[in-house]
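Whenever a hint applies, use it, and build me the whole structure from the sequences.
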Amino acid sequence: MSLPTLNGTARLIDTPELRFSAQGTAVVKLRLAFNARKKDDHGNWVDGDSFFIDGRVFGQHAENLASSLEKGMEVVVAGRLKTEKWETREGEKRSGTSLLVDSIGPSLRFATARVEKTSGGSGSGRQDACQSAQQGASRSSAEDPWASSSGGGQAGAWGGGGQGGYSDEPPF
0 MSLPTLNGTA RLIDTPELRF SAQGTAVVKL RLAFNARKKD DHGNWVDGDS FFIDGRVFGQ
60 HAENLASSLE KGMEVVVAGR LKTEKWETRE GEKRSGTSLL VDSIGPSLRF ATARVEKTSG
120 GSGSGRQDAC QSAQQGASRS SAEDPWASSS GGGQAGAWGG GGQGGYSDEP PF
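When we follow numbering that gives the first Met the number 0, the leftmost residue of the sequence shown carries the number 0, and every step to the right adds one.
Treat the hints as calculated values from the structure; they're not laboratory data.
Warning: the hint list may mix true and false statements.
[As the list claims (entries may be wrong)] Taking lysine-lysine pairs in the DSS-like style, the calculated list, with each CA pair at most 27 Å apart, reads:
{"id": "1", "residue 1": "K92", "residue 2": "K81"}
{"id": "2", "residue 1": "K116", "residue 2": "K28"}
{"id": "3", "residue 1": "K28", "residue 2": "K84"}
{"id": "4", "residue 1": "K70", "residue 2": "K28"}
{"id": "5", "residue 1": "K28", "residue 2": "K92"}
Structure representation (structure tokens):
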């Protein structure tokens with residue numbers, strides 16, 4: 000059985016902040032907003048329903064994300080939904096859904112990006128990073144404290160031949 004997946008275009012509500020777990024694993028927690036914008040009968044853009052979710056990225060993938068993406072950027076994201084459970088300081092049991100991000104990058108609909116291979120890397124994280132510049136409106140930030148987390152790395156590469164069945168060359 001597998002976790003349900005979420006794929007879509009979202010906006011980063013906060014600038015991703017790089018932190019490290021007690022075990023030394025790079026972790027980025029991000030807040031994403033998905034919004035159904037559409038034009039009304041008069042041709043004006045109207046915001047539809049919104050969906051907000053916290054996401055987590057680990058390892059080299061987290062380091063690449065933190066150096067590439069900023070608050071307000073439109074991103075294309077794919078990941079797995081997971082229910083997390085915790086207990087408050089007062090002893091109340093809580094739960095919530097978060098997104099374990101498998102892949103994220105800038106949306107090129109209203110921006111450009113330059114992809115560069117990172118030098119080195121720790122573990123099995125992605126070995127490419129998107130350096131991006133984007134114009135656009137930033138959404139307001141909601142303060143969201145960090146919860147302690149731990150987790151494994153994210154696997155990923157371009158695919159194809161080469162060492163370990165993967166190649167550094169883009170598929171185009």
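Do the hints match the structure? See the list:
no.: 1; hint: K92 <-> K81; result: holds (17 Å)
no.: 2; hint: K116 <-> K28; result: holds (23 Å)
no.: 3; hint: K28 <-> K84; result: holds (16 Å)
no.: 4; hint: K70 <-> K28; result: holds (12 Å)
no.: 5; hint: K28 <-> K92; result: holds (21 Å)
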